[in-house]
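Asker: Protein chains in written order, with the numbering used here: chain W, 502 to 1073; chain Y, 502 to 1073.
Please note that the accuracy of each hint is not assured.
Copies of the same chain look alike in the list, so a pair counts if it works inside one copy or between any two.
To be verified - 27 angstroms max Cα-Cα, derived DSS-like pairs, lysine-lysine:
hint	residue 1	residue 2
1	LYS908	LYS806
2	LYS937	LYS1030
3	LYS906	LYS1040
4	LYS547	LYS806
5	LYS688	LYS1047
6	LYS1047	LYS962
7	LYS547	LYS1047
8	LYS1046	LYS580
In case anyone wonders, no lab produced these hints; they're calculated from the structure.
Number of protein chains: 2
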Amino acid sequence: MQFEIKRTDLAARIGRMQTGHGTVETPAYVPVIHPAKQTIPASRIKEMGFDIVITNAYITRNTYGHDEAVRRGIHDIIKYDGAIMTDSGGYQVLEYGKVGVTPPEMAEFERGIRTDFAIPLDKPTGFGMRRDAAEAYVRDTLRVSREALRAAESAGNGSGGDGDGGQTWIGPIQGGEHRDLVARSAKSLVRMGFEMLALGSPVEFMESYEYRLLAEMIATAKRSMPHGIPLHLFGAGHPLTIPLAVALGCDTFDSASYILYARQDRYMTEDGTRTLDEIEYFPCCCAVCSRYEPGELRLMPREQKVNNIAVHNLYAIKLEVDRTKQAVAEGRLWEYVMKKSRAHPRLYEAVTHLMTPSSSSLPLSSSSSSPSSSSTSTSSQPSPSTPAPPPDISGMFRAGTPQYKQKAAFLYGAEDQHRPEVAAYHDIVRKFRTRKSIVAITPESHTKPGYMSREYRELYKRRGDDDDVQFCQYSPILGIIPIEVSDIYPAAHHEQARVRVDPAACTEFAKTWDAFFENNGFAEVWYDKNDAFLGHFAKRLKGVKKHNLRGAATAAARRTDTAPRGTTVQSK
Amino acid sequence: MQFEIKRTDLAARIGRMQTGHGTVETPAYVPVIHPAKQTIPASRIKEMGFDIVITNAYITRNTYGHDEAVRRGIHDIIKYDGAIMTDSGGYQVLEYGKVGVTPPEMAEFERGIRTDFAIPLDKPTGFGMRRDAAEAYVRDTLRVSREALRAAESAGNGSGGDGDGGQTWIGPIQGGEHRDLVARSAKSLVRMGFEMLALGSPVEFMESYEYRLLAEMIATAKRSMPHGIPLHLFGAGHPLTIPLAVALGCDTFDSASYILYARQDRYMTEDGTRTLDEIEYFPCCCAVCSRYEPGELRLMPREQKVNNIAVHNLYAIKLEVDRTKQAVAEGRLWEYVMKKSRAHPRLYEAVTHLMTPSSSSLPLSSSSSSPSSSSTSTSSQPSPSTPAPPPDISGMFRAGTPQYKQKAAFLYGAEDQHRPEVAAYHDIVRKFRTRKSIVAITPESHTKPGYMSREYRELYKRRGDDDDVQFCQYSPILGIIPIEVSDIYPAAHHEQARVRVDPAACTEFAKTWDAFFENNGFAEVWYDKNDAFLGHFAKRLKGVKKHNLRGAATAAARRTDTAPRGTTVQSK
């Protein structure tokens, strides 16, 4: 299978998978189609813009029998001419323990029905399983996967489906919250030669609000596999979690929730799920929601109501995927995920914990300290006193984030000091060297780059010809901005909310400050001693003469000579 | 005109206006219809769910002449059978200075064309006008309004449109950023007997990103008028600002932006505006966006393209209004506005400044201190050193926010200490009295209410029969929670993100802490001395014996005996 990566932001990628049944653009949601009882025709789902679906090979086999299924092929059975992924029944193992078919039989069957993406008969560890049990499941899954791949290869189309009808075999990663097992199975599957991997059963994590553990599991798997291999996430297709999953590098994700929820009158929104009774005004303009009032939907015959809610749920999921893709295209996925995280406290915890390390590495106030966020207590969870460090994903994010972007970066508060483009700028300044013996630091100007600003020109005039002065501006988030590099993105291209930022929370600023003064032997620092923020850091300076730059802070604050740059389009 | 308020949250209201042409539910967006050159038929706009539109009486008069217009009536002219509001041409004054028709003539004309809502020929101050000039404009507008109202009354249907075809006259508030003028004109108009007011020309505020000044202007007008009178906001119909405007109590708002933007290929999104060229994936599932690809739209003949973008823009605006109304219905408007504010740094400033006083009352770090956010500098703006205090809207919010709600309150960080339900709980505890001489304070339990929690029961056992102990739990946001009142909303019904909260930012916690110890003569306080958060406040206690409650903090952190309450639906 060919997987081409077109564009990246954070660890997210927009890519293209070539299959025997058309091109699939990723990230892609993969709706679950029931091979026998599907109420919303797969063809309708294709029209809605879903180019890949997943169905269950195990149920297909039980329903139609091996021979008929193989004769017709899965595309004819579910009446869908796009790309099809088949799950082998692993979920049934999770649910009922046994399936009554051997792994080699299933592999042979999946090959026989000519699916585009085949998954071996894995044993999902789920969430909350004791480590020894989980380890055994992982071992079995790896063995089965090796057999399936060998069988497929001997039958002439292995994981390297060549796009003309051959299967792509997907290696199932298991291990649940036991991260070492997740890492181990990912690595083993790559070694076996799988060209695509799938991460097992996050459903239960989500049902118990374990977004943080889910995110850590994804990050762990991603860091154990090559960049070029696509990752599927099993059973995770809710608008609430899609942006985070995509930001962490998931390329496809399936779920049946659109219909399962609909049967319980559960209506998906960008901020979570509501029961139809809770909806007074549809927060949606899809074909269903702009045609009916909530009251009308409530009064419909059950089947019609369920199908309408299911169609809305599909629209809601697709919308979230498209929003996320557009954010990637604009290079503002960080902003989107941060905003999105305010939809639920557990999601906010996950994002804060993973994306802004300092917020969680700082000592936690006790009432907010439970690292094992949980409604299901398990022996495996780290004890509150020794939280397991989150996998370092900042490296992943740095690698995937372009350093130069079209759009201005919007900065809100201390959390944004960890945004990859900002972190990269801190690194530049931490390497900055000058022989000058005086450094003058003033707040950043509205005019960008700083060397174009009136503040700089006037300050420069005040010292006229003195070329022993290193002029700098600063931003609490972006750090020290030496005038010479004030035109490098995002120094020249960001918009920062002018609200109070707690200096104690600006840990990256502190590191840059220390490095800047350590690397450069300044004898004097000039800054406005009324500037409380700089004052906080000036305290750290030993053996540097402090000179008061009167009015510099307020001068900058009063400046309103130019509009904030790069925001004409975003704002209003 | 009858205006009935059904429901409120913050200063927002869901209401119903009875007009001669049907009931209008508020908050409502009022699309601008061009009386002659409308390309999207008003009937189509009605089908989309807009029950009220606004058109320009001045242009109508110039186009059709007085007599024909009066003979046909405005409903026939624009082919719309819902409620119609007519602007008198004030905008033309703003644009061209003169209109060549006297105020009484316009008033007579608006009555003649049988509009449902008539607006006198006002003189918009806009934004950035010097105070003396603005004052003159306000004076003129008030005089004209008085004349118009008198003329209408003498003609037998005054501001008290009785729902059978009579007009409702809307009093135009002017004054721009000069808040005293805004307050004065609002009060005068109410005294004159206007049953509805309209706030003048925020367009320019928005075009210069002055969301903060816009919000202050709205808050000022609201605080100068009775609760029962609806407020219209002129020219402010962008998805970015709608939730804030509604939260501040605007009931209707018009704008022509849906079509004006469309003519410039500008596509509205919930987070701002994009040019069509910037859109790779429509972040929308409306009739237009789910039918076409961005590329197809770009290639359309101009008129077809403009109309399609305009229809999308109308859907985007309606969606934002419906989302906001649903948030009011769920009692989570605070959460929605806070989340929404992350769409643009200037919006975030406005929300932070207005809704979370302490964040801005704290000394500003200089580089983030400009209170006169601006791209157009005006003499009138407060100097950075002495920012004008924002109008106190917390009172408005408290009055409009029900103290008991169905849904759990989601709490994220220090900003939520100002959420009305939270502030109300702080007030309860600040009045709490007990004769007990010992107070034991532990982190809040996952089980709510606290008196049902294992932590409490075990702690209680530890002291067995001692009834001299006042047991309390605490939350950094909600403050001290005496066990006796731990079942009062939202103490028993909130979900707090477990991330580090900076004690220094918890100003409401500090006030409650001081009041609690001042009102109750505790001799001893028991708390876990490893609890950094409590330690920060314990320092403030003089003459109270501090007793270490070993392990209380970690015990609470380890507790995972129950799922967070009230979130089954919201999450996943």
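Asker: Against each hint, give a clear statement of whether it holds in the structure.
Answerer: A quick look at each hint next to the structure:
In this homomeric assembly, LYS908 and LYS806 come within 27 angstroms of each other (Cα to Cα) only across copies, at 25 angstroms, whereas the closest approach inside a single copy is 43 angstroms. Proximity of LYS937 and LYS1030 under a CA criterion of 27 angstroms is satisfied intra-copy only: 22 angstroms inside one chain copy versus 49 angstroms between copies. Proximity of LYS906 to LYS1040 under the C-alpha cut-off of 27 angstroms is found in neither arrangement, the shortest distances being 36 angstroms within a copy and 48 angstroms between copies. Both within a single protomer and between protomers do LYS547 and LYS806 lie at most 27 angstroms apart by alpha-carbon distance, with minima of 21 angstroms and 26 angstroms respectively.
Taking CA atoms no more than 27 angstroms apart as the test, LYS688 paired with LYS1047 passes in neither setting, with 55 angstroms inside one copy and 54 angstroms between copies. Only within a single protomer do LYS1047 and LYS962 lie at most 27 angstroms apart by alpha-carbon distance; the minimum there is 20 angstroms, versus 59 angstroms between protomers. Proximity of LYS547 and LYS1047 under a CA criterion of 27 angstroms is satisfied in neither setting, with 68 angstroms inside one chain copy and 67 angstroms between copies. Proximity of LYS1046 to LYS580 under the C-alpha cut-off of 27 angstroms is found in neither arrangement, the shortest distances being 78 angstroms within a copy and 76 angstroms between copies.
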